[in-house]
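Peer 1: What follows is each chain in one-letter form.
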Amino acid sequence: MSERLSLKNIVEGALLAAGAPLTLETLASLFAEEEAALPPPTREDLTAALTALEADYQDRGIELAQVAGGYRIQVRKACAPWVARLWDEKPPRYSRALLETLALIAYRQPITRGEIEEIRGVAVSTNIVKTLLEREWVRVVGHRDVPGRPALYATTRKFLDYFGLKSLNELPTLAEIRSPDFLGDDLPLEEPDPAASGSSAGDLSASGPASPPPVRHTGGMPGSNP
Amino acid sequence: MSERLSLKNIVEGALLAAGAPLTLETLASLFAEEEAALPPPTREDLTAALTALEADYQDRGIELAQVAGGYRIQVRKACAPWVARLWDEKPPRYSRALLETLALIAYRQPITRGEIEEIRGVAVSTNIVKTLLEREWVRVVGHRDVPGRPALYATTRKFLDYFGLKSLNELPTLAEIRSPDFLGDDLPLEEPDPAASGSSAGDLSASGPASPPPVRHTGGMPGSNP
Amino acid sequence: MSDRTPASDEVSLTAATGQPQGLAADPATAGEASDPTFVPAGPPQQREMPFAIVQGQPLLTLPQDLYIPPDALEIFLDTFEGPLDLLLYLIKRQNLDILDIPIAEITNQYMEYVELMKDLRLELAAEYLVMAALLAEIKSRMLLPRPAATEEEEDPRADLVRRLQEYERFKKAAQDLDELPRLERDHYLVQAPVPPGHRRLIPPEVDLREVLLALRELLARADLYTSHKVEKESLSLRERMALVLIKLQGMGFVPFVHLFELHEGRAGVVVSFLAVLELIKSATIELVQTEPFAPIHVRLRTGN
Numbered sequence: 001m002s003e004r005l006s007l008k009n010i011v012e013g014a015l016l017a018a019g020a021p022l023t024l025e026t027l028a029s030l031f032a033e034e035e036a037a038l039p040p041p042t043r044e045d046l047t048a049a050l051t052a053l054e055a056d057y058q059d060r061g062i063e064l065a066q067v068a069g070g071y072r073i074q075v076r077k078a079c080a081p082w083v084a085r086l087w088d089e090k091p092p093r094y095s096r097a098l099l100e101t102l103a104l105i106a107y108r109q110p111i112t113r114g115e116i117e118e119i120r121g122v123a124v125s126t127n128i129v130k131t132l133l134e135r136e137w138v139r140v141v142g143h144r145d146v147p148g149r150p151a152l153y154a155t156t157r158k159f160l161d162y163f164g165l166k167s168l169n170e171l172p173t174l175a176e177i178r179s180p181d182f183l184g185d186d187l188p189l190e191e192p193d194p195a196a197s198g199s200s201a202g203d204l205s206a207s208g209p210a211s212p213p214p215v216r217h218t219g220g221m222p223g224s225n226p
Numbered sequence: 227m228s229e230r231l232s233l234k235n236i237v238e239g240a241l242l243a244a245g246a247p248l249t250l251e252t253l254a255s256l257f258a259e260e261e262a263a264l265p266p267p268t269r270e271d272l273t274a275a276l277t278a279l280e281a282d283y284q285d286r287g288i289e290l291a292q293v294a295g296g297y298r299i300q301v302r303k304a305c306a307p308w309v310a311r312l313w314d315e316k317p318p319r320y321s322r323a324l325l326e327t328l329a330l331i332a333y334r335q336p337i338t339r340g341e342i343e344e345i346r347g348v349a350v351s352t353n354i355v356k357t358l359l360e361r362e363w364v365r366v367v368g369h370r371d372v373p374g375r376p377a378l379y380a381t382t383r384k385f386l387d388y389f390g391l392k393s394l395n396e397l398p399t400l401a402e403i404r405s406p407d408f409l410g411d412d413l414p415l416e417e418p419d420p421a422a423s424g425s426s427a428g429d430l431s432a433s434g435p436a437s438p439p440p441v442r443h444t445g446g447m448p449g450s451n452p
Numbered sequence: 453m454s455d456r457t458p459a460s461d462e463v464s465l466t467a468a469t470g471q472p473q474g475l476a477a478d479p480a481t482a483g484e485a486s487d488p489t490f491v492p493a494g495p496p497q498q499r500e501m502p503f504a505i506v507q508g509q510p511l512l513t514l515p516q517d518l519y520i521p522p523d524a525l526e527i528f529l530d531t532f533e534g535p536l537d538l539l540l541y542l543i544k545r546q547n548l549d550i551l552d553i554p555i556a557e558i559t560n561q562y563m564e565y566v567e568l569m570k571d572l573r574l575e576l577a578a579e580y581l582v583m584a585a586l587l588a589e590i591k592s593r594m595l596l597p598r599p600a601a602t603e604e605e606e607d608p609r610a611d612l613v614r615r616l617q618e619y620e621r622f623k624k625a626a627q628d629l630d631e632l633p634r635l636e637r638d639h640y641l642v643q644a645p646v647p648p649g650h651r652r653l654i655p656p657e658v659d660l661r662e663v664l665l666a667l668r669e670l671l672a673r674a675d676l677y678t679s680h681k682v683e684k685e686s687l688s689l690r691e692r693m694a695l696v697l698i699k700l701q702g703m704g705f706v707p708f709v710h711l712f713e714l715h716e717g718r719a720g721v722v723v724s725f726l727a728v729l730e731l732i733k734s735a736t737i738e739l740v741q742t743e744p745f746a747p748i749h750v751r752l753r754t755g756n
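Chains as they are written, first to last, in our numbering: chain H, 1 to 226; chain B, 227 to 452; chain V, 453 to 756.
Chain H on its own, in the form it takes in the complex (with noise of 0.2 Å):
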């Protein structure tokens, strides 16, 4: 066995032992320096190790995907219906209230609850809110300074994980607004760039509750003051 193919399957033992995604810096962390049998791989000797494995999988009923908390080996999604059957319970369904709560906390984070109701014209409700937060899709990062200081929300690391999502920037693009005639073309209706506002989520995720995120105007809110 050459040294390449230990150190990849060491690798894919770790992933398939953890069980949740694995970081490039944690693999490394498994080879301690004293093991001179083995010199502790580098960075590069690792991706390798990893695009092994990933052609490895090719054809197989896994496959290596990576996601924002790092690596980690999945059910390919082709064998997924014979999968389910292992458990008794149907996926979990995520009602269409709950999804339209969280793609506007994904696409415009950090964002209190009261803006979410004005965008979808309802009250949220708090068993949304409470699942969100159990799931750990989201969390409270900030206050935002008004009366009544309503929480921030911003979505986490498990949400893009949970949704096989390197990081923000990969979220399906926003549909672009049109502008009517009668609008004239000098209204505020441009979307700052889920790109944009992506990389900015992203720091705010990196940058930990301890310090909630500048607290920035959330875009034209229509209607929000008649």
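Because the hints were derived from the structure by calculation, they are not lab data. Quick caveat, the model's predicted, so the values are computed rather than measured. Take the hints with a grain of salt, since some may be wrong.
As the list claims (entries may be wrong) - In silico lysine-lysine, DSSO-like type, Cα no more than 30 Å apart, as pairs:
id: 1; chain 1: V; residue 1: 624; chain 2: H; residue 2: 90
id: 2; chain 1: V; residue 1: 591; chain 2: V; residue 2: 570
id: 3; chain 1: H; residue 1: 90; chain 2: H; residue 2: 77
id: 4; chain 1: H; residue 1: 77; chain 2: H; residue 2: 158
id: 5; chain 1: H; residue 1: 158; chain 2: V; residue 2: 624
id: 6; chain 1: B; residue 1: 303; chain 2: B; residue 2: 356
id: 7; chain 1: H; residue 1: 77; chain 2: H; residue 2: 166
id: 8; chain 1: V; residue 1: 624; chain 2: H; residue 2: 77
id: 9; chain 1: V; residue 1: 733; chain 2: B; residue 2: 392
id: 10; chain 1: V; residue 1: 699; chain 2: B; residue 2: 356
id: 11; chain 1: B; residue 1: 356; chain 2: B; residue 2: 384
id: 12; chain 1: H; residue 1: 77; chain 2: B; residue 2: 303
id: 13; chain 1: V; residue 1: 733; chain 2: B; residue 2: 384
id: 14; chain 1: B; residue 1: 392; chain 2: V; residue 2: 699
id: 15; chain 1: V; residue 1: 591; chain 2: B; residue 2: 356
id: 16; chain 1: V; residue 1: 624; chain 2: H; residue 2: 166
id: 17; chain 1: B; residue 1: 384; chain 2: V; residue 2: 570
id: 18; chain 1: V; residue 1: 624; chain 2: H; residue 2: 130
To be verified - Stretches of chain V that chain H covers, calculated by requiring three or more beta carbons in the stretch to come under 8 Å of a beta carbon on chain H:
id: 19; region: 533-541
id: 20; region: 558-570
id: 21; region: 637-643
id: 22; region: 730-738
Each residue gets a CB set at the ideal place from its N, CA and C atoms; glycine is no exception.
Guided by the hints, dock chains B and V onto chain H, whose structure is given.
Peer 2: Showing chains B and V alone in chain H's frame:
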């Protein structure tokens, strides 16, 4: 992708997703009758798929194992030393009972467990003795020829090395320890040299990566038993 | 928004006197008799989105008669995520341009639904009524002659159009999100157990000071009956006792003289001798001499 291959893929996905052994019956139950595209596999089909998987895993980081509960995929033993580091964790500090026992062995060696218990006034848990033996700070140097032939414990060279002592004589006398001035600060005691403790840890695992480190703390926090 | 609510009375009046155009205008149901409500159709499409799925059948149009089971309407109500969603539905269903909504028509249709809900005493979210008021206000403003030249006067629909578009894009975003391959539905996490016996704990660091302080407390506790006993032997004697035992381990008989290192000098010999005596006293080793003046041997006591 041939049909055989598909079956193998599904079996692989299911075994890995289940996280527990699956019986042939459970595997068969994943293939509902209505799947016209893929006729329900027979027992032989499934066994063949499992055999094929086993062969595939020949030089991988995982292996197929047959256990009481059925079949499961597990991390290959050869990878385990690295993979296990995913869970390496520092346990909480040692209990006072362990430190007292260690001190008594140092000052009263060779000493039996009964004698330690007599001075401490409480039983010495087996885990404490085990931990001290595993760290190779103490060892059995003989047996007292009294009923029960209790083991006599003494400190080791490693004990001296770990605590930076050339000999036991460098330990303060009991009178010094008992003095009201004794705070431990004025002692000529260096902190355990991190390099020294590092090298001693290195000794433990110096036997090479292929074989797991010889000294393992097998759980059991000191003092967990009364 | 609260400043618009007073208009809601006016809206109710308008709706009560207006013609129920909204329902009749739908060509699919116009003229059809008693139970055309459950129109079998294919999977939901964007343009003909069903209100609801009732008993497995998509409900494409709002039931016209009031004898329909209230359950169906409740489901219908649940189908919409709010007034904006309902308005979007009305607009899409009729292929209207969201940028140029015929506000009077849409308002009438919207009011039909709202009135129907109210008649059935379904619990109608307050937002529906707020929207009704807003629509009525826009409608009335549209009716007013607008001074053509003044540009600062915005189209009365502008704000609503913006909100509809904004809501629509997030409605779409939610659908896109739902379509992303996700765990527990499209992918599953995998886990393979590690063979037992490989987990290890890193032992904690110990400072000698901790050991000594522990001993100090122990001494304070045990002083009354053990102190003199603990103190009377020196540590070097203790250490030597352990070394003697180690020397004897697994050796059978060891010549007595081998226990002494002459290079240690007199003090060393004395310590070794005392160690041997202590060990004999504590029944750990024994001295054996086969005949007088023969070499003395030492061995561990084995208890037979």
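Peer 1: Of the hints given before, which are not true for this structure?
Peer 2: 15, 17, 20, 22
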